[in-house]
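If you're matching them up, the sequences are chains D and R in order.
Using the numbering used here, read the first sequence as starting at 1340 and increasing by one per residue.
Using the numbering used here, read the second sequence as starting at 61 and increasing by one per residue.
There could be a bad hint or two in this list.
[What the hints assert, rightly or not] Which stretches of chain R does chain D cover? Using the computed rule of at least three CB atoms under 8 Å from a CB of chain D, they are:
#1 305-314
#2 318-330
[As the list claims (entries may be wrong)] Just some of the chain R residues that point at chain D, by a computed CB distance under 10 Å:
#3 Pro104
#4 Gly189
#5 Ala203
#6 Ala269
#7 Ala270
#8 Val275
#9 Leu278
#10 Ala335
#11 Val340
#12 Arg343
#13 Val385
#14 Ile390
#15 Leu405
[Claimed, not checked] With the Cβ distance kept under 10 Å, some of the chain R side facing chain D (calculated, not the full set):
#16 Met61
#17 Glu259
#18 Lys276
#19 Gly287
Hints listed in this document are in silico derivations from the structure and should not be mistaken for laboratory results.
Glycine is no exception: its CB is placed at the ideal position from the N, C-alpha and C atoms.
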Amino acid sequence: MAAAPIAVLLRRLQARPGATEEGEVLGRCEGGALSVALELGARLDAPVVAISVGPARREDRVLAVALRAGCGRAMRIDDSEVGEIDYLGVAQILAAAIRHVGARVVVAGDRSQDEGAGAVGPAIAELLDCSHLTSVRRVAVEGDALVAVRDAGDRVQRFRLQPPVVLCVQAPPAAPAAAAAAAPALDDDEAEAVPASRRAAKKRARTVPTIEEVELHDLGVEPRAVSPRRTSVGKLRQVRGKGGASLAGSPEELIERLRADRLLEPAPADPAAARRSGAGP
Amino acid sequence: MACVLVHIEADGDTPGATSLEALGEGRRIASSSGATLYALVAVPRGGAVGDPRRVARAETLPPFGAEAATASAHQRLVDALGQGGADKVVFVDLDGPARPALWATIGPALAAACAQLRPALVLLPATAGSHDLGARLAARLGAAYVAEPVLEQGPRGEVVLSRQVYGGGWRRRTSLEDLDRAVVVTLPPHRAEARGSDEAEVLLLEVKAATDARVKLLDDGAADGAGLGRARVVVVAGGGVTAASWPLAEQLAAALGGELGATRALCQRGVAPPAREIGVGARHVAPVLYVVLGASGSAAHLAAVSPDAEIVAVDKDADAPILRVASYGIVGRIEDVVPRMLAALRQERA
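Working from the sequences, and respecting the hints, build out all of it.
Spelled out as structure tokens, the structure:
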């Protein structure tokens, strides 16, 4: 496999409206994506390019984390010319950036912690006309192909994928503390985000490059072409009402309330199972 | 809205439970908007269900033999979907296997069918593959995409797709009436099925769409924690649970007929197996009842729980954030509260 760059798509974890952006920098899945991208970069001897969309005040911190972790290049795309856009608008911008850097392997987080739709990675694959796989846990290199382990909830699946490909990566498995403590952290903030990339980090981060800022027109993206989808973004509303749990005075009272509210009733028979046994729908 | 389409994942002649629930939701929306409800099944050529073309002439087939068997299997599937509310059952031929249901296997065929039928609303059951399939289908169709919302009624009686964001406390709401394009929606389990009739019309759709040969399944095995995704009751143990109190959480999950999960903090301490982790990037759950033992209710945890789950919180700290989002709560030590809950459950059943 030629050592074309590997693109890792990152995004600063968004604070709730009205809250300050001071918590975690990377979401769990983005941390997994960065880790996988750096591992692949080390195995393929390929540079890893971190790409982010948004203003410097929000995204530069996440790109700085990526550079310190071992990415060879970091690119931030200024989207100030567009308003609020949906997953497809974001995907259009990122797909153009991926073409711009010439990556054949793209690694993204499976779902963000704030919005959680998980739509951007598959949409980029559609725009690039390449394969994609979601819910990826681990990736290995086998010849000119990649072998990915997919966590499918009730199944664990292994796939062989031929690049170009977009991999949507889940959070790294929660390692027991003893194992985590055995490996020194890069930095307190980043310890969880990039657990498996330290050798690559040391090798690549001797000189830390600066963050490149790219305009939409540098990528051939017309702002008006990505803007008109505002109706599909949805309206953000704060949930009001319940005002906290209804507290029970005793465990017995709690069970009684749950029963009175019909929450302890046995599950209805599985209709599919009923049909299989001939009992009808 | 002229057409609502529901993708059905079927095991032979049996539609999946989550698919039937999505079909039920589709029925209610189609009825309220005067739309036709299509149930679409992607069928591998020569698979267990056989050739869908035989459904139309099932009565002319001999009463025994392989052809009759596959025809009747097909008819059973059509009957089940008709009874589940479908007006029309659409079969689409695949040139490869239908499982696992991912974009690489069935996505191009599903997209080609949508291009022909032009649905305003596409519903997918939120299974392990729907996330892989739905977002790319939406991108192919230039549609909006809404993952695992609850369905609410807007002020004009319209359907509003409302999804939890920022780990709770906020919703992103999309009105079907306001959309200027089609929308693809994945629906979590535990929705009411609908009652239809035996008279669904069968439609055989010829589509030219190859599976993605660049993605090849090497192996597919069962995972630990398999029951969490569809469990009606989930008990989750958080950082307030210790190795000593973990068996109490196990007993409570068993007594409630549910599954046991854990937060990332507990998995990191080695108390719970990583396969049982509930949170963003790990397992997502959509129970009716979600019992939280000793977990604060972080955004990364609650973002993986369906917003219509009723949350019951047990926490020793009366100011724990989880008690602000739970419907029911009790303040106390797990070691004190859970044994009494177990006793109360036993007493009620005796």
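Each hint tested on the structure:
| no. | hint | verdict |
| --- | --- | --- |
| 1 | 305-314 | violated (count 0) |
| 2 | 318-330 | holds (count 5) |
| 3 | Pro104 | violated (17 Å) |
| 4 | Gly189 | holds (7 Å) |
| 5 | Ala203 | holds (8 Å) |
| 6 | Ala269 | violated (14 Å) |
| 7 | Ala270 | violated (13 Å) |
| 8 | Val275 | holds (5 Å) |
| 9 | Leu278 | holds (4 Å) |
| 10 | Ala335 | holds (8 Å) |
| 11 | Val340 | holds (5 Å) |
| 12 | Arg343 | holds (7 Å) |
| 13 | Val385 | holds (8 Å) |
| 14 | Ile390 | holds (5 Å) |
| 15 | Leu405 | holds (6 Å) |
| 16 | Met61 | violated (15 Å) |
| 17 | Glu259 | violated (14 Å) |
| 18 | Lys276 | holds (5 Å) |
| 19 | Gly287 | holds (7 Å) |
The structure shown violates the earlier hints numbered 1, 3, 6, 7, 16 and 17.
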